[in-house]
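Put chain B on the given structure of chain A with help from the hints.
As they're listed, the protein sequences go chains A and B. Reading the first sequence from the start, the letters are residues 1 to 252 in our numbering. Reading the second sequence from the start, the letters are residues 1 to 252 in our numbering.
Just so you know, not all the hints are guaranteed correct.
In the DSS-like style, the derived pairs of lysine-lysine whose C-alpha atoms are separated by at most 30 Å in a straight line are [as the list claims (entries may be wrong)]:
no. : chain 1 : residue 1 : chain 2 : residue 2
1   : B       : K220      : A       : K98
2   : B       : K209      : A       : K236
3   : A       : K99       : A       : K132
4   : A       : K247      : B       : K192
5   : B       : K209      : A       : K240
6   : A       : K98       : B       : K221
7   : B       : K228      : A       : K247
8   : A       : K220      : B       : K240
9   : B       : K247      : B       : K221
10  : A       : K131      : B       : K184
11  : B       : K132      : B       : K29
12  : B       : K236      : A       : K216
13  : B       : K131      : B       : K98
14  : B       : K113      : B       : K138
15  : B       : K240      : A       : K224
16  : A       : K184      : B       : K98
17  : B       : K247      : A       : K236
18  : A       : K236      : B       : K224
19  : A       : K216      : B       : K18
20  : A       : K29       : A       : K43
21  : A       : K220      : B       : K98
22  : B       : K221      : A       : K113
23  : B       : K184      : A       : K240
24  : B       : K240      : A       : K221
25  : A       : K247      : B       : K236
26  : B       : K184      : A       : K247
27  : B       : K228      : A       : K240
28  : A       : K247      : B       : K113
29  : A       : K224      : B       : K113
Think of the hints as simulated: they come from the structure by calculation, not from any bench. Since we're looking at a predicted model, the values are computed, not measured.
One letter stands for each residue in the lines below.
Number of protein chains: 2
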Amino acid sequence: MISVVILGAGNVAHHLYKAFYSSENVTIKQWYNRNIERILSYKNEVAITDDLSQLTEADIYIIAVSDDAIGELSQQLPFEERFVVHTSGSVSAYDLDKKNRRGVFYPLQTFSKSADIDFSQVPICLETLMKKDYMPLKNLATSISSITKRVNSDQRAALHLAAVFVNNFTNQLYRVAHEITESKGAEFDLLKPLILETAIKVQELSPFKAQTGPAKRNDKKTIKRHLKLLDNEHHKDLYKLLTTSIKQTHGR
Amino acid sequence: MISVVILGAGNVAHHLYKAFYSSENVTIKQWYNRNIERILSYKNEVAITDDLSQLTEADIYIIAVSDDAIGELSQQLPFEERFVVHTSGSVSAYDLDKKNRRGVFYPLQTFSKSADIDFSQVPICLETLMKKDYMPLKNLATSISSITKRVNSDQRAALHLAAVFVNNFTNQLYRVAHEITESKGAEFDLLKPLILETAIKVQELSPFKAQTGPAKRNDKKTIKRHLKLLDNEHHKDLYKLLTTSIKQTHGR
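Extracted from the complex, chain A is given alone in its bound form:
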């Protein structure tokens, strides 16, 4: 049995809480948040506190707060030599105060308040500064997910950056598609199966092999017609840059 204390009450903290709570191998000793209101509804399930001096002993302390607040919160912890991890993709393990043993427990997924997540399919990227801390952290990860991976800080930074491309930027392309269809009175909903299939395709095939379309074929006639159809200059810029990108990738 691994005991944890969760610090923070954002989306990641909430989803981790649920996953740990459902796991037979994990005890949540305590849930801390600066503002107790946000975790008050859990008080019958778990010990809650807004007072750092009241933190109880646990195997692993999990700081799941915004990137900018991680360093400061770790400094305020009223103990030493314990094992403290954060959950951020872009913050270094060294940003944690060195009075404690340090590590990272980064679940690579997008978490929103509403959507339920099947944590068993969320890759958890692990890093510890001390060798002996790795196995306990790995055990914690495998108790909620079937995909765990040791990832150093450089690799984690690359994954976090790449995640912006496949998540935020991709979502923005969906948004642009929404704007294009709406402006012509067409239904964005008709694109949803295609959106899904595009994501499913690269689960098996590399994005390189999965590519199709006018840019890959260098179909100048269609590209020209598309550019003419786009009346928003900004959409035009995106179309041009991404078409160039595809051509470069596929040697056109």
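This is chain B only, laid out in the frame that chain A set:
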């Protein structure tokens, strides 16, 4: 029972053949292709031909060939006043020879040779130049898909253009993510659940509401760090343009 003749043997033609073949409401009278080799393996299931003069009578002739070949093939058809449709997102119904009644049967999905498609979830966009042809075409569509929609040429052009954004361009972002992770020795595979979740999220939520990340938050520190991390100038350009795009959408 609706009878059809399929013309062409590309991915769309193959997937349509399979869907029609499985449908109880459709008889495939004949399958034509200029090069008979490509459909030879179906000769025990369906009448095949490479001779346009041998085309049999059918309710609907479906031209599923490359965009550039549609017009010419329609001119070569050795009959008049019959109902002929093409399956392209970007070709006008008027590009079909006017000696026949004309329409469009555009399945909005990405088709590859390998991947099987559940056609019942593929939106089929329909257009006919004559009113009386609409119901037969609609019946044909509903016999293989539960999502059918009347779409005029302008709307179809917008959908086809928007499809490039959510399919080809999105796939290219996956490719860039692949390049970024590989260059740092990180595993692209770890991003696959995120890719899937991003696509699933917008099935229910609008892309506007689904957006998260540094650009939306205008988190300058993270954006700066990401730009520093990107050593490929072209990736940098993509990052900047898409970040600007998100900021514009979300009023930053």
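Can the restraint linking A/K29 and A/K43 be considered satisfied, given a maximum Cα separation of 30 Å?
Cα-Cα ~12 Å, so holds.
Between A/K98 and B/K221, is the straight-line Cα distance small enough, at 30 Å or below?
The given pair, whose Cα atoms are some 23 Å apart, holds under the 30 Å limit.
With the threshold set at 30 Å, check whether the alpha-carbon distance from A/K220 to B/K240 stays at or below it.
holds, 26 Å
Is the hinted pair B/K228 and A/K247 satisfied, with a Cα-Cα distance of at most 30 Å?
holds, 25 Å
B/K221 and A/K113 were given as a pair; does the straight-line alpha-carbon distance stay at or below 30 Å?
Roughly 25 Å between the alpha carbons, so the hint for B/K221 and A/K113 holds.
Does B/K113 sit within 30 Å of A/K247, going by the straight-line distance between their CA atoms?
holds, 22 Å
Checking one constraint from the list: CA of A/K247 to CA of B/K236, max 30 Å. Satisfied?
holds, 17 Å
Compare the distance between the alpha carbons of A/K247 and B/K192 with 30 Å, and conclude whether the hinted pair is satisfied.
holds, 24 Å
Compare the distance between the alpha carbons of A/K216 and B/K18 with 30 Å, and conclude whether the hinted pair is satisfied.
holds, 27 Å
Keeping to a limit of 30 Å between CA atoms, is the pair of A/K131 and B/K184 held or broken?
holds, 22 Å
For a C-alpha distance cap of 30 Å, please report whether A/K236 and B/K224 respect it.
Holds. A/K236 to B/K224 sits at ~25 Å (cutoff 30 Å).
Are the Cα positions of B/K228 and A/K240 separated by 30 Å at most?
Holds, at roughly 24 Å.
Violated hints are absent here; each numbered hint is respected by the structure.
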